[in-house]
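Asker: Residue-level listing of the chains:
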Amino acid sequence: MIEVDNLHKSFGESHVLKGISSNFEKGKTNLIIGQSGSGKTVFLKCLLGLFAPDEGSISYDGKIYSELSASEQRNLRQEMGMVFQGSALFDSMTVQGNVMFPLGMFTKQSKSEMQDRVDFVLKRVNLVDAHNKFPSEISGGMQKRVAIARAIVMNPKYLFCDEPNSGLDPKTAILIDNLIHEITQEYDITTVINTHDMNSVMEIGEKIIFLKNGLKEWEGSNKEIFKTDNEAVTDFVYSSELFKKVRQMYIEERN
Amino acid sequence: MNYIASIGSYFIMIKEVFKKPTKWSIMKTLILKEIDELVYGSMGIIIFISFFIGGVVSIQTALNITNPLIPRNLIGFATRQSVILEFAPTFTSIIMAGKVGSYITSSIGTMRVTEQIDALEIMGVNSLNYLVFPKIIAMLFYPFVIAIAMYVGIFGGWTAGVFGGFSSSADFVEGLQLDFIPFHVTYSFIKSIVFALIIATIPSFHGYYMKGGALEVGKASTTAFVWTSVVIIIVNYILTQLLLG
Chain A
1 MIEVDNLHKS
11 FGESHVLKGI
21 SSNFEKGKTN
31 LIIGQSGSGK
41 TVFLKCLLGL
51 FAPDEGSISY
61 DGKIYSELSA
71 SEQRNLRQEM
81 GMVFQGSALF
91 DSMTVQGNVM
101 FPLGMFTKQS
111 KSEMQDRVDF
121 VLKRVNLVDA
131 HNKFPSEISG
141 GMQKRVAIAR
151 AIVMNPKYLF
161 CDEPNSGLDP
171 KTAILIDNLI
181 HEITQEYDIT
191 TVINTHDMNS
201 VMEIGEKIIF
211 LKNGLKEWEG
221 SNKEIFKTDN
231 EAVTDFVYSS
241 ELFKKVRQMY
251 IEERN
Chain B
1 MNYIASIGSY
11 FIMIKEVFKK
21 PTKWSIMKTL
31 ILKEIDELVY
41 GSMGIIIFIS
51 FFIGGVVSIQ
61 TALNITNPLI
71 PRNLIGFATR
81 QSVILEFAPT
91 FTSIIMAGKV
101 GSYITSSIGT
111 MRVTEQIDAL
121 EIMGVNSLNY
131 LVFPKIIAML
141 FYPFVIAIAM
151 YVGIFGGWTA
161 GVFGGFSSSA
171 DFVEGLQLDF
181 IPFHVTYSFI
191 KSIVFALIIA
201 TIPSFHGYYM
211 KGGALEVGKA
221 STTAFVWTSV
231 VIIIVNYILT
241 QLLLG
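Those protein sequence lines, which keep their order, are chains A and B. With the first letter of the first sequence counted as 1, position 78 gets the number 78 in the UniProt record's numbering; the numbers rise by one all the way through. With the first letter of the second sequence counted as 1, position 193 gets the number 193 in the UniProt record's numbering; the numbers rise by one all the way through.
No wet-lab data here; the hints were simulated from the structure. Backbone N, C-alpha and C define an ideal beta-carbon position, used for all residues, glycine too. Take these hints with a grain of salt, some might be off.
As the list claims (entries may be wrong) - No farther apart than 27 Å at their CA atoms in a straight line, the calculated lysine-lysine pairs in the DSSO-like style are these:
{"no.": "1", "chain 1": "A", "residue 1": "K133", "chain 2": "B", "residue 2": "K28"}
{"no.": "2", "chain 1": "A", "residue 1": "K26", "chain 2": "A", "residue 2": "K63"}
{"no.": "3", "chain 1": "A", "residue 1": "K63", "chain 2": "B", "residue 2": "K28"}
{"no.": "4", "chain 1": "A", "residue 1": "K26", "chain 2": "A", "residue 2": "K45"}
What the hints assert, rightly or not - Stretches of chain A that chain B covers, calculated by requiring three or more beta carbons in the stretch to come under 8 Å of a beta carbon on chain B:
{"no.": "5", "segment": "98 to 106"}
{"no.": "6", "segment": "184 to 194"}
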């Protein structure tokens, strides 16, 4: 479980996060949504330890990150997996090399044990024929799968995803969403996803946090988001005509 | 003020490079790869340039000897001194700042803009150690490049002097042996080790701390080349004063 308490972060004059508190439960897919510039990426980078908060604390299963020594922080990071918006695969390595990288770096497994693990996770993300291809030789959707495979290869406790389905076609985006959701439940991981994608919100958002101007404006589940009266949330989530109709149908159905 | 901050950041970076070392089995592979890329991969251009620079020094010395009382062995002497003291260590290092330095800045800078460095950090890898340390170790082989540059430069001078009709082989070789001070070679190697550290670290600094996108990677490479060259020139002056002055 990740607990965030009164998180503040500024860059010069710009106060980006203004006292965010929340918690992210184990085995659940948690979504952070909000307009561009609302502070989602900064919030995620604070969770990852890439930015140090100016005020407030983040604790991982009771361990407050800022109170850990540098080596303890690095050890904790080894329990985190991250799927970047642009995948961030090492372009000089093959798919297999990318997925094997954390194993080679942090475990004492033999080559064959590492190979078995790589085969297993690549199969889990439905990538069986891409072992020897370089990231530039595979599609965006496949790159995202490799990034997910690399993120889960060490059996992380925490999985973070920054807009994992941006730039993907709707069908692939749903596949990626479902894959992350399944992995979260299967391995009992605490997953936090930054997203703009409303399909993700509706499909996999077990807990959703809506950020606006650096503040937590709303918090709830994908079921509750249909019912909310919060104007900022409804303006953002139901900005398209399609979603407005979906919401209308849902409310009518309930009545 | 920015310059002072950058110098401070540079030394903090150097300190971080030596913290939390990467697993030796992985580091060994990285070092061998960097030796291949940075040192072995530069041999062709270094040999080519050294040969012709040595030749030009030899020809220009010969053309400037107008007084018949000056012995012809001065051509070999001047070529040796110029090549060993300055052309091999300093001129070659400026070329390496362009070739190797821009490669280092652009490769690390691209990793920065594509979030590959963030990915390393999140995994718990000391990215500075992983990326910069192997380059520093690889560049410690740089004096071997300089030794080859010295040999080829003098050979180029001999070729141009003898086959261009400016000097006999015997005169040239006599000049090469005239008043030879072995410490000049040591001085040259000391300089080349210091320059190697500069070539490995300043471009790494510019790549690692760059911000922006693809365009900024190009700008960072240019800036890195300029600063590496400036620092090499200044350090060259200081070392010459300290070691030979």
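Asker: Take the hints in turn and mark each one as holding or not.
Answerer: Hint-by-hint comparison with the structure:
1. A:K133 x B:K28: holds, 24 Å
2. A:K26 x A:K63: Roughly 15 Å between the alpha carbons, so the hint for A:K26 and A:K63 holds.
3. A:K63 x B:K28: Violated - the C-alpha atoms of B:K28 and A:K63 are around 35 Å apart, more than 27 Å.
4. A:K26 x A:K45: holds, 19 Å
5. 98 to 106: holds (count 5)
6. 184 to 194: violated (count 0)
Hints 3, 6 from the earlier list are contradicted by this structure; the remaining hints agree with it.
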